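Okay, here's what each chain looks like letter by letter:
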Amino acid sequence: MTKTSRTVLWIFCSLVAAFVALPVLIVVPISFGETRLLQFPPQGFSLQWYENFFTSPQWLRATGNSLLIGALVALTSAVIGTLVSFAIVRGRSKGGPAVTGLMTLPLVVPNVIFGTALYGIFLQLGLTGTVLGFVIAHTVLAVPYVVVNVTSSLRRLDSRLEIASASLGATPLKTFARVTLPLILPGALAGGLFAFMISFDEVVVALFLGGAGLETLPLKMWSSVQFQIDATIAAVSTLLIAVTTLIVLLYAWLQAFLRRKATQ
Amino acid sequence: MTASSTAGTRDVRTQPVQPARIGAVQLLGVSKHYGDSIAVNDVSLDIHRGEFLTLLGASGSGKSTLLNLIAGFIDPTSGSVLLDGKNLEGVRPHHRNMGVMFQNYALFPHMTVEANIAYPLQQRRYSRAEARRKVADALDLVQLNKLAKRYPRQLSGGQQQRVALARSIVFEPPVLLLDEPMGALDKALRETLQFEMKRIHEQLGITFIQVTHDQSEALAMSDRIAVLREGRLEQVGTPHDLYFRPQGRYVAEFMGESNLFEGPNQGHGASVSIECDGLTIQAHTDLPITRGESVLVSIRPEHLQVRCEQEGAHDEGGAHSARVLASTFLGSQRRLELQLDGGREVTATLSAENARRPAPHAGDRVTVAWDPEDVIVVADRL
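Chains A and B, in that order, are what the protein sequence lines are.
Counting from 1, one number per residue, gives the positions in the first sequence under this note's numbering.
Counting from 1, one number per residue, gives the positions in the second sequence under this note's numbering.
Hints in this document: simulated from the structure, not taken from any laboratory.
Keep in mind the model is a prediction, meaning the values are calculated, not measured.
Be aware that one or more of the hints could be misleading.
[What the hints assert, rightly or not] Derived pair list, reagent style DSBU-like, types lysine-lysine, alpha-carbon separation capped at 35 Å:
| # | chain 1 | residue 1 | chain 2 | residue 2 |
| --- | --- | --- | --- | --- |
| 1 | B | Lys134 | B | Lys86 |
| 2 | B | Lys134 | B | Lys146 |
| 3 | B | Lys86 | A | Lys174 |
| 4 | B | Lys146 | B | Lys187 |
| 5 | B | Lys198 | A | Lys174 |
| 6 | A | Lys174 | B | Lys146 |
| 7 | B | Lys86 | B | Lys198 |
| 8 | B | Lys198 | B | Lys187 |
| 9 | B | Lys149 | B | Lys134 |
| 10 | B | Lys146 | B | Lys86 |
| 11 | B | Lys198 | B | Lys149 |
| 12 | B | Lys198 | B | Lys134 |
| 13 | B | Lys86 | A | Lys3 |
| 14 | A | Lys3 | B | Lys134 |
| 15 | B | Lys187 | B | Lys134 |
[Claimed, not checked] What follows is a list of derived Cβ distance ranges for each label pair:
| # | chain 1 | residue 1 | chain 2 | residue 2 | range |
| --- | --- | --- | --- | --- | --- |
| 16 | B | Ala184 | A | Arg156 | 39 to 45 Å |
| 17 | A | Leu9 | B | Ser59 | 44 to 50 Å |
| 18 | B | Ala184 | A | Ser5 | 54 to 60 Å |
| 19 | A | Phe86 | B | Gly29 | 34 to 40 Å |
| 20 | B | Arg49 | A | Gly96 | 17 to 23 Å |
| 21 | A | Leu102 | B | Gly85 | 32 to 38 Å |
Each residue gets a CB set at the ideal place from its N, CA and C atoms; glycine is no exception.
Taking the hints into account, I'd like the entire structure generated from these sequences.
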């Protein structure tokens, strides 16, 4: 590649990156401004919007709800996703491809439709506005991401390790606990992190399920943008960006760790 | 451990690991079909207590399938596998109590060397102290004590192989199965490990069943060799038997190199004589071969006596003129491709070359002779 074409490519990529990242990053300076309105460039410097967030019981409650639901979703979808992955990769039934197809459904069905359908059922079951309702709904959305991660871990796993374990006298259950699980755990953890993220910023289905009973952080943000816009939302957004970035980095690290493991 | 020995100076040579028992394996008409293809076809074989038996064959000969059938990783389509007379049908691999050493070792990457070797002991609920002692003994046996805390990825191929070996024998199985144990190692290392393996076999006294495609490895290590071809057993015998008394063309060609000649027998009784490619070849045999029967004979390349023509070999009886097509120096040997004046091409190897004596080169004229005592009559299998 010539020097000019490299420069052109570099400029082009930078523009794309800026296009993607700038609208998001613009809230960061706004959150440190003094004015109440979302103003760019911001005037002055203050931490009052952060203070607002950390002293508001509603914001804190919404954050707590989101963290709790996210953690539960991470756990349940990691467990369910791992089991589904086993069925897909190791199962002898001919239904494997069908299950794989079914697993991608939550990725293609619009969340609005999923939310509407769920609303009807959950209302009857009394699950709207409950943590359990949220966890079930978000788990459905998040499981495919775990399945993608764990199936690829499982496919990379040398099946001879399990055969070797059997030859050394281990029962199938022991083999799973001592050989298979430790080796696919990073994949399951990565999937769990992803599931947490899916749940943590999910707003469409939450609109159907939430409300007076239970408000998650994205819901609270949504309603505050609608009714009383102020720079607190910028502070919340900035915190959210920080948390998300952290999780993405953790995810990337796990992936790199997995690759290292696989190439050993 | 004896009372006089102190910790750290254990000498395994004076204290062989005594296996609980030594197993004999019997294959009775074992077949394995995959759909229409037949991987193993009606193999019956007695593997004796304590012997080192090699299943030898090219890829696709069914040798690995046979090993997997003995280990119980796959089930035979028909026939049965017996351990000490007990039918193993329905006995899962984790209950067979056989040691298996895998081709790529299959060491657990998330466990240290020590933990890998202790694994089979934990499955058998050994006490912690007992397990620790046995792991130490096994590490002694393969001379890896210093690497106990390492992970497999921190070891060389040869070291990983030793760990795999230690792990597969630490629980004193009556039989050890080895799947291409040297397959992943370089040539120099392979040769040292062949002797190492034999030493360990002698020390343990248990039955070793090895799979390999390498005939020289099989010759060097085995008490007996079973040659497999396309799922069938071709011949079973000692290395010496297979080399000097091959049954059938396949074994004659597979075990070392051969110059093969075939023709109707014109001799009587124990002396065989055939005409082939304008040559008359005589041999002695104790096989019951009748006059007129078609006979296959083999002359090993090392048994052809090659002389340069100017050495005045014309007067020698039974010598044939030939032209050197190719001459390759291999260090301890020289390999010659020769064309006899009748047109037939043969391979010869010369040993004991030295720096001063001129060696034949491509294009040279030579004479070729052989001793009828060295001609091998290949028994017809059927």
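Verification of the supplied hints:
no.: 1; hint: Lys134(B) with Lys86(B); result: holds (28 Å)
no.: 2; hint: Lys134(B) with Lys146(B); result: holds (16 Å)
no.: 3; hint: Lys86(B) with Lys174(A); result: holds (26 Å)
no.: 4; hint: Lys146(B) with Lys187(B); result: holds (25 Å)
no.: 5; hint: Lys198(B) with Lys174(A); result: holds (33 Å)
no.: 6; hint: Lys174(A) with Lys146(B); result: holds (29 Å)
no.: 7; hint: Lys86(B) with Lys198(B); result: holds (28 Å)
no.: 8; hint: Lys198(B) with Lys187(B); result: holds (17 Å)
no.: 9; hint: Lys149(B) with Lys134(B); result: holds (16 Å)
no.: 10; hint: Lys146(B) with Lys86(B); result: violated (40 Å)
no.: 11; hint: Lys198(B) with Lys149(B); result: holds (27 Å)
no.: 12; hint: Lys198(B) with Lys134(B); result: holds (21 Å)
no.: 13; hint: Lys86(B) with Lys3(A); result: violated (75 Å)
no.: 14; hint: Lys3(A) with Lys134(B); result: violated (64 Å)
no.: 15; hint: Lys187(B) with Lys134(B); result: holds (31 Å)
no.: 16; hint: Ala184(B) with Arg156(A): 39 to 45 Å; result: violated (19 Å)
no.: 17; hint: Leu9(A) with Ser59(B): 44 to 50 Å; result: holds (47 Å)
no.: 18; hint: Ala184(B) with Ser5(A): 54 to 60 Å; result: violated (44 Å)
no.: 19; hint: Phe86(A) with Gly29(B): 34 to 40 Å; result: holds (37 Å)
no.: 20; hint: Arg49(B) with Gly96(A): 17 to 23 Å; result: violated (45 Å)
no.: 21; hint: Leu102(A) with Gly85(B): 32 to 38 Å; result: violated (51 Å)
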